[in-house]
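Asker: For reference, the chains in residue letters:
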Amino acid sequence: MTSRAMKKQTPWRGGPRPAGPGLAALDVLVGFVTISFLEMRAYMGSSALRLVQYPVKLVVMYFLWRAVTGAAPGRLGLDFDTLAAYYAISILIGQMYSFRRVAAQTEHDIRTYAVDLHLCRPLPYWVKPAAPMVLSLAGYLTLALPCGLAAFTLLRLPLPDPERVLAAVTCLLAAVPLRFLIWYIIGLSAFWTEETSGLANIFSWVESLLSGMLIPFALLPSAVATVARWLPFQAYAALPIEVALGLRPPVEVLGRVGALACWTVLLMLAGGVVWLQGRRAYQSGGG
Amino acid sequence: MVEVRELRKTYRVLNRRTWWRDLVRPEYRFVQALRGVSFTLRPGESVAYLGPNGAGKSSTIKCLAGIIKPDSGTVRVFQQDPWQRRTEVLARIGAVFGQKSLLFPDLTLRDALDIYRRVYGLRRRDVDEFVEEFDTHVRVRHLLSKPVRRLSLGERMRGELMAALVHDPDLLLLDEPTIGLDLTTREGFLQLLRRRVDRGRTVLLATHRLEDVEAVCRRALLLSSGRLIYDGSVDDLRRKVGGKRSARVRYRGRLPGAVAGSLPVIRRHQPSDEEGEVEVEVPPDARPSSVVAELEAVVEVVEVTVGYPRLEHVLQTVFARTEKGDAG
Amino acid sequence: MTWREVLGIVGKGLWASLKAGAYFRVSFILKVLSGLVRAATVLVFWRAVLQQAPSFVGWDETSILVFLGCSELFFGLQLALVSIAGRFWVYIRTGYLDVYLTRPVDARLLVAVANFDVPLAVRSVPPSLVYFGLAAANGWQPGAGDLLVALAFIVAGALLLGLIQLCFSLTSFWLGPTEPLDEFVNSLYEFGHYPVDTLSGWVRVLVAWCLGLGYVATVPARCAARGVAALGLDTVCALAVGLAGLVMVWGGLSQLLWVRGRERYEGFGG
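From first to last, the protein sequence lines are chains A, B and C. Letter 120 of the first sequence, counting from 1, is numbered 120 in the working numbering, and no numbers are missing. Letter 299 of the second sequence, counting from 1, is numbered 1299 in the working numbering, and no numbers are missing. Letter 55 of the third sequence, counting from 1, is numbered 2055 in the working numbering, and no numbers are missing.
Keep in mind that the hints were calculated from the coordinates and are not lab data. Check the hints yourself; a few may be wrong.
Claimed, not checked - With beta-carbon atoms standing in for the labels, derived distance ranges: (1) 156/A to 2232/C: 36 to 46 Å; (2) 2152/C to 1031/B: 49 to 59 Å; (3) 2206/C to 1005/B: 31 to 41 Å; (4) 192/A to 1153/B: 19 to 29 Å.
The C-beta atom is built at its ideal place from N, Cα and C for all residues, glycine as well.
Using the sequences and the hints, build the whole thing.
Answerer: Dropping the structure here:
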């Protein structure tokens, strides 16, 4: 390996280490991100192929709604093209990143006592599950756009306006910290339950319904739709999709981002409390 | 019991470049893990299989257990080819791979034993008797009802050993079996192994822990870069390599410089005219008593301690020589 | 090894896995609860669909409820017994297969037994009962024979999908990590959540009959909802022969890949 390449991988090599705990933490964070980037590059082929689920899932929903709208034309509040476009985007968002991995990684580290190693480092533990997520999102954004474009073209659907797409992407990205925190807290529950798959399943189903990922809000029972509109989950499916399709004005994103920030702060506090309580309950082992 | 002739195995390793080049036109290099290894094991033998990392120890064990197919050469275990007759051969083999688990994470040790009881067609009473015997050497009874994932490394290793020995195998293939074991448990396990050997079972022990070798094995096979470089007794190995066997002598009086100069002194300490201590290397063909006799002629010998070469030193010497030979 | 011995090992593994549910009680309860939450969500989805079209491509509310019950049972069985087939490549790539190859039993069986998760099958029972209960409230009156035929199709279908997953996984002997293939095969399961009658043309032929995803829930639900007599005994027999054929084809292919792949297997990590 050339010295230039080594410097690229470990930014502090060849120079003095940054002083102070804050900078040291940043230093390690950069290290994590660099390693994750190298890992991502090593498995880029696999990462790209993960989007292979997209056409399969889209075909399933396409045929289902075609059969339903074909059986009762005109009864739906939404026409078939809108529904197809809705699912084309919703499924693409679903392939963004498996946030369950955040919980799974955290659970695994707690269960196998690998969290001990991270407690010895000058960096909060949450960075470990966060780093691969950040990099996967970067990879996803590059690949998702052509995939979406291909889907819309193949299904002969009208393409959304670029400004609306931009607003939708902004909304999606603003919701990422919130999603991360929720799944991180679910992962932390392993301090008490050892296994989090049950809790993760419960949440993922509730989330898929209340975010509009499974079904558009317009088709939900009114009581469920009202609850869903009050919760922040719509920020990562229903709202960006409806904005992109022109069903809601892009300006709604602004208000939602503000609300998201409040939810995120709340969850950060909750995450901190759960982490502290979890550490107290934690019984390390292994050896 | 085990016969290995001219065993060869080569691995193909991908030379990593960019992912698209790896996909379209992969490039490989070939690593020769075993280059014509031959040896035999007789019933009741306990043999150490030693070598530095990457020497081919695990590959040999995997060939013996029928896990991988040799490129050429013959392997016979209980007069059968373990690759062709895997099931029959494995019914009489117990294997431990220290870093890989044979247990089931969500189940208890008792459940794992129950499943293996079915695999080997054992009676419940046989398993109970085995646990009884095993527990007298290695304490496991209190761990039986714990899920494996809640065990510490040392506790899990006890379970691994138990699961490997449950069917009283005729041949034990042990690859780093004492990882994570505390001193008492390790001693208990080695004692159990010695008992098995006394009962006519054969042990092939691949390890980097030479205390284990000294405690259990009489014979050693040394492997370096896929070649067998030594096959003989552990004691012979010490003698042939001629490690530093030494005599440490505490004496009264003053050791004359001329005498000290004529001996191969390793270390000398003379704090006063009244007493001192000298450590002298004993030549491979000499007896320690002859060195002591030379000293007794000039000083009053108070205490003599004879130090034998440690196996670590012996192996370091052998592998260093082999590497030099390879390089040359 | 005789079939009796194999069944003995499988039975012991299932019992041990069920007991493991008791060791991790909180987790087990949460799993059961998650099944009910899933059922509630799925019912909301299908309520929305059926409100728009009370009947489509031969499926009405009652038959959809029966379909959901069959689908739930299928995925419960599949996850509990053979879900590891899709991740078998991990054992090959990490060299963990080594330890399973040191026992005098088929390593594939031992890996499956090591990964049985009976609580997942138990989890699927309450939602299935909810679906079947709602169908019964809608006037569904199944015959015992129809239910048995449906159950047989579900069990054989789970075995078939396990074999398909295993085939893709075993390509890891040649291709290295086959995670993308695993992801692809997993995504095919989506077809098991909806009646394959909604598909059309070559997609239907490929998915429903070549890959056998029609046997996941559509065929069992048809048998249970309409009855074997209404479907016609000839039709059901033809379907059963087709399923047997698929099991033999995929089973044969997986055996071939296993035998050839084992010759290339190098183990890993000492």
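Asker: State for each hint whether it applies.
Answerer: Now for the hints, and whether the structure bears them out:
For the pair residue 156/A and residue 2232/C, the beta carbons lie near 39 Å from each other, so the given range of 36 to 46 Å is met. Evaluation of the 49 to 59 Å hint for residue 2152/C and residue 1031/B yields a pass: the beta carbon distance comes to about 50 Å. Between residue 2206/C and residue 1005/B, the C-beta spacing of about 52 Å breaks the proposed range 31 to 41 Å. Separated by about 23 Å at the C-beta atoms, residue 192/A and residue 1153/B satisfy the suggested range of 19 to 29 Å.
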